[in-house]
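Student: Listed below are the residues making up each chain.
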Amino acid sequence: MDSPVDRRRFLAAAALVPALSALDVRAIPKYRVVTRFKPWPKPGMPGAYPGRVITVHSPNCIDEATEKVDAPTVREMISRGMTTLTGDRDPRDSWARFFNADDYVGIKINCSGAPGAMSMPDVVADVIRNLQTVGVQPANICIHERAGGQINQARYEQFVPAGVRVESGNTWLGYDPGVYVDVNFFGEDDTRSYLIRMVTDRFTKIINIPNMKDHSASGVTGCLKNISYGEFNNVARSHYRYKTECLTFIGTLASTEPIRSMTVLNIMDGLRGVWHGGPFSTNRRYRFYPKQMKFGTDPVAMDRLLIDIIDAERKRQGAISVWNVAPTTFGTSQQWEQDPNINRFVRETGHIEYAGTLGLGVYDVNRIQHTELTV
Amino acid sequence: MTRPATQLLLAISCAIVAVTPDLKVQGSDTRSPAPSGQGSWKIYVSPALPPDASTYVDVPAPSLQPMPNDGYAQVTLAPWVQSNGWRFMRGLQKARYAAIPRTVAPLAAAEAFAFNVDAILNPDPADAADLGTMLEFLKVNAQPPMPPLANIGIVDDGSPAMGEALNMLIRRNLLYKVVKQPERKLDLTVEVGTKDFPKESLANPSDFAARVREKLTDDKRLVRIFGANTVVARLTGDGTRARLVLVAYGRNRTMQDIRVTVLGKYRPAAFALYGAPADTKLLDVIPAGQFTEFTIPRFNTVAIVDLQTPVRMTSARAGRDFELTANPRAPEWRTAPRVQIGTDYFGKAIAGAPTTVRSRWTDKHLYLLYECPYDELNLRPNPNPAAETPQLWNNDVAEVFVGWDFEHIGRYKELQVSPQSEWVDLDIDRDNPRTQAGMRWNSGYSVKGRIDSAKKVWYGEMRIPFSAIDERTTPLAGREFRIGLYRIAGNEPRQFYAWSPTGQANFHVPAAFGMLILR
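As they're listed, the protein sequences go chains A and B.
Every letter in the first sequence is one number past the one before it in my numbering, and letter 243, counting from 1, is 243.
Every letter in the second sequence is one number past the one before it in my numbering, and letter 484, counting from 1, is 484.
Because the hints were derived from the structure by calculation, they are not lab data.
Hints are all accurate, no fakes.
The calculated lysine-lysine pairs, modelled on DSS-like cross-linking and capped at a C-alpha distance of 30 angstroms, are: (1) B:Lys455 to B:Lys348; (2) A:Lys291 to A:Lys68; (3) B:Lys185 to B:Lys199; (4) B:Lys281 to B:Lys220; (5) B:Lys199 to B:Lys177; (6) A:Lys30 to B:Lys265; (7) B:Lys215 to B:Lys180; (8) A:Lys30 to B:Lys220; (9) B:Lys195 to B:Lys180; (10) B:Lys185 to B:Lys94; (11) B:Lys195 to A:Lys30; (12) B:Lys220 to A:Lys38; (13) B:Lys177 to B:Lys215; (14) B:Lys215 to A:Lys30; (15) B:Lys281 to B:Lys348; (16) A:Lys38 to B:Lys265; (17) A:Lys205 to A:Lys291; (18) B:Lys220 to B:Lys199.
No experiment lies behind these values; they were computed from the predicted model shown.
Just chain A, same shape as in the assembly (with noise of 0.2 angstroms):
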């Protein structure tokens, strides 16, 4: 906080501004979805391990000094991460439950904090490795992100094999104008936000590969926030000075068809993570290692770990709780990304479960089935 002055005129606007509180009862916004897909008959989400997560840890995957991944390490947790999943003992069963040779997979990622917080690329191009023992050609494989200039960084494509496609709305197809939700937050004149088109066009299913963060308007970003504001496009509109609705609309995008039904698998690269100053952080101040990860098919019930993992982290760092939502918590940005007592939004971690209530996984923790290993 270096300006009382500053803090002072917060807190004289903070009066005027009505939602100041998580605990704020207010009305869900009025979405309308359109789409032309129809959900399938047993929906990727929350899938066939509804409630069930595999944490996999390992002290050896990343050098924290040198954030260099361990391959081998790496592949060998993915092994163990899905066939704990899914009871078999060959990997390659485990895969073929989800994928055959006749997919064209979307793997998403998310590294709108690259280089410093993102996906893993030693991540994901062992997740390509497996996709190819099941038959996925590299050619029907597309790593992707909703916006153009961060994938970029991230040089997916020094990782994977050739002829897999490094992809963002921006570059390859655009957007589906069929498919989009539109709903009015804040008196914005767009209302729309239009699902990528690759989705849409090409993809036969979707493999979700969020990373370990926090975020300053959904409290914790991991698989929700990845598959709903990483696939759709104008969502930036849901914060509006101290509001979001990031409650609501994290889990009516996700729940979007066909990102509902296609996002049959999760796998939540958790080797290097982000205490504060997300989604975006790029200050390794606010990098931590939880050295782990997670498989499920259940979103929500991941996510509710996660929260859990990144509040942890904040405690431990003598932070603010990502459910502190207290008027006398905010700031500027700049503020905030000086200081991680300051909140620049009202936090929405209560999106998880919100996300809960649409169907999309399991959010009480006693009842998801929590399964931790270590190699």
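Add chain B to chain A, keeping to what the hints say.
Tutor: Same frame as chain A, now just chain B:
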């Protein structure tokens, strides 16, 4: 400037007939040609001035101002567009852009064009080439003006505060006209001092515009733009045609993939995008309920889209189902409503007598009768009307594409009849080609073909069960279908008749379908 000034001046003067530009650059001067051309709109480039130059009113240059950020998160704030549209809507018809910063002259010209006002431009000399290119573009695309389309009436008290409000309505693309008193035909009249719009509501133009939008509702907005918040729309029309002009005020004025909705059922008939490659197309044109939607790909500064209402055909109710005769003199067909097809899929006239299509309907069936004059027939040997004929379209054939789902226009049925009573019917789903049934689908329709060699006319009649083409309940008078009527005729060169031209060498352009109304 890369070209000698004199050469440039000549280029511009020759190019612009309709808009009468005249440009003095580095001391050169030329005389304005007399204003002429298709539009009433005229632009004079200073120092060449019209005789009534003194009646022109100074206006500021159009611009974009970023919103100041006070440091708090404000990711959704739109930059501030400085458009003169509100001045023009208030009645200003002659504008002098006296001080135009570098690079802005083409935008000023586009703005004046969009609002059909006469303008004097005083550009930065360095903009001569860009302005010339823009004026050339505008000249080519000028047309006689049509009335502005608006469904909001604003009772203007002439106050500066009202001016700010009008400005905001322009920026928000809430299309209005200034009225002296409420007009019943309008969806909304805004009169400050009333219950809905108290005097205090003018204090904040943004809130005022939001209030207007709320009262009108988005469902009644004539134009909406998705993917940009620095584009101002101007819509004119005459009931059967409309012209949409979009002016981009953004920083470099380049826009990418703007999605546009226009209230009304239209089909794009022509478009022109400044700064776009010649092969650019409007994308994803679909009717969506009461709206027409399309995507405008990359353009710079100004986009012009001409829209037409779809062609319409009525089908008259018949008292009962009837036998197929393929005879236009049969009682059922003598007085049936009809349309004629005399153009190909590009809209180019086809020589000779047109094809005529009649239609009747009953509770169970839709009937169509094609009357097809010909010079030469392209028939299959050994026709087999008892079975479906694959690739029937390689010979003489009459076709109907018909769909009922206005939200998913890529889903429709294709049914064909040949002069020899051959047939093929297909289920089409252009949204999901992998799941469409194609020829596996069977409508259960009946056909009859007949050739009158003496008159060189062949006839093709179809009786199509509504249950095969419409998932709704029993057909009722007033029900509408999306329909395309086509015919392929003769040997090389084959003729491809299209009732509503598709603009492509392809019949399968559902956005170009016309309408069939049961009467």
